[in-house]
Amino acid sequence: MARRLRAARRSQTEFMGQARRARVPRQMPFPLECSPEQFTVNTAAALPSTLGRERPDQPEVRALIAALDEFQRGLYPAAGPQPPTPDALLRPEVRFLVVRDARRHVQGCGAIVLREDCAELQRVMVRPQARGRGLGRALVAALEVEAVMAGRPLLRLQIGVRQRPAIRLYEGLGFRRCGPFAECRPDPFSVYMEKLLG
Numbered sequence: 009m010a011r012r013l014r015a016a017r018r019s020q021t022e023f024m025g026q027a028r029r030a031r032v033p034r035q036m037p038f039p040l041e042c043s044p045e046q047f048t049v050n051t052a053a054a055l056p057s058t059l060g061r062e063r064p065d066q067p068e069v070r071a072l073i074a075a076l077d078e079f080q081r082g083l084y085p086a087a088g089p090q091p092p093t094p095d096a097l098l099r100p101e102v103r104f105l106v107v108r109d110a111r112r113h114v115q116g117c118g119a120i121v122l123r124e125d126c127a128e129l130q131r132v133m134v135r136p137q138a139r140g141r142g143l144g145r146a147l148v149a150a151l152e153v154e155a156v157m158a159g160r161p162l163l164r165l166q167i168g169v170r171q172r173p174a175i176r177l178y179e180g181l182g183f184r185r186c187g188p189f190a191e192c193r194p195d196p197f198s199v200y201m202e203k204l205l206g
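According to our numbering, the sequence shown is numbered sequentially starting from 9.
It should be emphasised that the hints constitute simulated quantities derived from the structure, not laboratory data.
Glycine included, C-beta positions come from ideal geometry on N, C-alpha and C.
A hint or two may mislead.
[As the list claims (entries may be wrong)] Ranges of calculated distance between the beta carbons of each label pair, as one might list FRET restraints:
1. 95 <-> 58: 23 to 33 Å
2. 63 <-> 158: 12 to 22 Å
3. 137 <-> 159: 31 to 41 Å
4. 111 <-> 188: 32 to 42 Å
Take the sequences, apply the hints, and build the full model.
And the structure:
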């Protein structure tokens with residue numbers, strides 16, 4: 009029994025060490041001069057995921073965006089700002105990324121919209137069951153690279169005041185609060201944030 013207990017503890021220690029080593033790094037695994045068409049993300053659960061550019065109008069991606077819309081409808085008034093639809097995300101000024109797990113199932117997505125003076129972060133979402141693995145951080149970091157490559161070193165976003173975990177994530181990634189930008193207007197249900205990249 010004692011031998012079995014020691015073996016179990018040793019296995020647990022080895023697993024935790026592997027999980028710590030597998031966490032997503034703050035820097036992306038490709039240099040800025042390379043195109044992030046697709047790269048591998050090692051999650052805390054030691055399960056490889058891929059993150060790359062894809063079309064936002066795929067059925068599985070549409071379902072994820074619809075789940076995000078449903079979640080936000082339960083938090084905010086219907087008259088609030090309306091996020092872009094999957095079809096609107098097909099515009100040439102949009103860079104759209106998708107995270108897939110080892111079985112090729114969609115686990116997250118996110119986009120930047122290239123504006124004249126900045127890039128706007130939009131539609132960042134990770135499935136609830138896939139959270140806690142660093143996928144959100146990896147997704148935002150990859151979108152930052154997309155913004156820099158497009159010549160937009162200023163990244164901005166608008167997020168609802170009731171999405172506190174997401175606000176904490178962005179603050180932890182170096183975003184700071186700012187005023188409304190582009191077509192945005194002051195909104196009591198919104199928080200505006202920005203980050204200067206590079």
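Hint check:
| no. | hint | verdict |
| --- | --- | --- |
| 1 | 95 <-> 58: 23 to 33 Å | 24 Å, holds |
| 2 | 63 <-> 158: 12 to 22 Å | 18 Å, holds |
| 3 | 137 <-> 159: 31 to 41 Å | 36 Å, holds |
| 4 | 111 <-> 188: 32 to 42 Å | 41 Å, holds |
This entry satisfies every hint, going by the numbered hints stated previously.
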